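Now for the letters of each chain:
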Amino acid sequence: MISWQEVAVSFGGRTVVGPLSITVGDGQWVGLIGPNGSGKSTLLKAAVGIVPHDGVVDLGGRERKAGIDIAWMPQRPFLPDEMNVANYVLLGRTPHLGYLGAETRQDLESVERAIDRLELTALSDRALSTLSGGEAQRAVLARALAQESPVLLLDEPTSSLDIGHALEVLEIIDELRNQENLIVITAIHDLTLAGRFADRLILLGAGRVVADGPPGEVLTEEVLIPNYGPGIRVVNNGDGPTVIPTRSRREQFIQPTD
Amino acid sequence: MAAVAALLLVGVLGLLVGSVELAPTGVINALVDRLPLISVDHGLTEVESRLLFELRLPRVVMGGIVGSVLAVAGAGYQGVFRNPLADPYLLGVAAGAGLGATLVIGLGAGSAAIPPVAFAGGVAAVASTYALSRTVGGRTTTSLILAGVAVAAFATAVQTFLLQRNYDTLREVYSWILGRLVTVGWGEVWTLAPYALVAVTVLFLHRRLLDVLGLGDEEATGLGVNVVRVRRLVVLAATLATAAAVSVSGLIGFVGIIVPHTIRLLTGWSYRVIVPLSLVYGATFLILADLGARTLVAPAELPIGVVTAFLGAPFFLLVLRTMRGSS
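Chains as they are written, first to last, in the numbering used here: chain A, 1 to 258; chain B, 259 to 585.
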């Protein structure tokens, strides 16, 4: 399990997240939703230990070792242009290698598995700069999977993917979660997609938890409109709640508040 | 393997070429003769043998070590600063060492004093860069690079001032700045060797981590890497070795940029490959450049820094052009 206990993050004296507490159990998939700037990415970075924070991030009593216990896929990863996919995914093994160690056959097998899982085998020798946006995003995800951590924090894992590939990638993650009882936490803007895969949605607003519950309870017009503004309609059909944008917003456009 | 073969070939070539002609078979036999447990009749005279082992061999070995150090340190700096234009002189080593050498020459102290003072100057300049960046902007690489620019500019200004005041030393300082392997004997080789060994070992062991740093501080931290520690160690090792190299050979430019970049363009982006190959090709390149320095305007010698730029720049452009064209 992973839990944020009274975690707060401030930049330059201004609190941007929290203090908030969230606990996620093993095998659970949580969708982190909320408007731009609501603190989704910062919350994930605090868990990885990249941004300094108050409070505690607890991993069931285990000491938090960056990269081993938590694999993090950044929203805007830096891709070294000329590095090839296989070498890039291999970087995901870094936390397992020790300070000056070299990769073993086992590490190379993990890399191969991750590449295979995301159907990148044919591209493994290609330079990152030659990949399409979707292929690059799958390469980043493969790097995170190669870490083989019990907790996967994915910041917008499908933002560059078309709907077909997005579904495919989320299915792969779901399959992994079920096989390995992983904790998956995804920050994601597509509310409908979030609701299809997550067991639980947490809506952040201005750094605090505004709503927390199963998709059916969070994806309602009553919850979403006060946070995202008008122009949202939620339809329930057989597949679960579907969030539909409408044009009514044009007449009553509100200035975004900071 | 091909790289090592090229290095050996160029090394032997470096021994053969010079103002006095030596028989190729004699040179090779004489080298083999020096190997433990092997005795071969090489047929070189006493004078030829001394020329080979006390003048040419140390010069070739020195060229190889300096070339390796500059190329590997350049690769390290580029990795740590994620900047393709970083070279081992980035944080002020060259300017500091140059100021040191100018002081020694200007004060009329013997040329034996140049290496230690140049070394001290180079290390002091980088230490000031570090201290300065701490006071202005914490631990970001940008503040470090900017501090390096400031320190280098300051040291160069002082150096220029000293040169203006002691016009008669200009020529000597200028020839030092352009780099040379002329006065090299075994003593200088043994002075440099420990620094080179430590730096090359540290960089070799960190080559995988340099790849991780390429992702940026946040992602590298997320992968469990202590970014600040790795950066400090690599810069420290590369700086000490560069200062040692500069102190005995003067400022030899371009090696630290051209060699790692050519390898990067030809083999792809991974320091796991770039660091070891820079070691070998850096040595090969500098021995070759020294060969050019000795022969192009014989019997005079060109400063080696001129040759590295003269040969290196067009070659580098050629590689750049071919690679961009094919990708």
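Since the hints were derived computationally from the structure, they do not count as laboratory data.
Treat the hints loosely; a few may be bogus.
Away from chain B, derived, C-beta distances all over 12 Å, residues of chain A [to be verified]:
| hint | residue |
| --- | --- |
| 1 | Gly55 |
| 2 | Asp58 |
| 3 | Lys65 |
| 4 | Ser129 |
| 5 | Asn227 |
One side of the interface only, derived from the structure: several residues of chain A facing chain B at Cβ under 8 Å [as the list claims (entries may be wrong)]:
| hint | residue |
| --- | --- |
| 6 | Pro52 |
| 7 | Val56 |
| 8 | Gly67 |
| 9 | Ile68 |
| 10 | Pro74 |
| 11 | Leu131 |
| 12 | Ser132 |
Note that the coordinates shown come from a computational prediction; the quantities given were computed from them, not determined experimentally.
Where is the CB? At the ideal position from N, CA and C, for every residue including glycine.
Against the structure, the hints:
1. Gly55: Given that every Cβ of chain B is farther than 12 Å from that of Gly55 (chain A), nearest at about 19 Å, it holds.
2. Asp58: Holds, since 18 Å exceeds 12 Å.
3. Lys65: 6 Å, violated
4. Ser129: 8 Å, violated
5. Asn227: Per Cβ check, Asn227 (chain A) is outside 12 Å of chain B; nearest 28 Å; holds.
6. Pro52: Cβ of Pro52 (chain A) sits 12 Å from chain B, so the hint is violated.
7. Val56: 19 Å, violated
8. Gly67: Where the cut-off is 8 Å and the nearest Cβ of chain B is about 3 Å from Gly67 (chain A), the hint holds.
9. Ile68: Hint holds; Ile68 (chain A) Cβ to chain B Cβ min 6 Å, cut 8 Å.
10. Pro74: Where the cut-off is 8 Å and the nearest Cβ of chain B is about 6 Å from Pro74 (chain A), the hint holds.
11. Leu131: 13 Å, violated
12. Ser132: 16 Å, violated
When the structure is compared with the earlier hints, violations turn up for hints 3, 4, 6, 7, 11, 12 and for no others.
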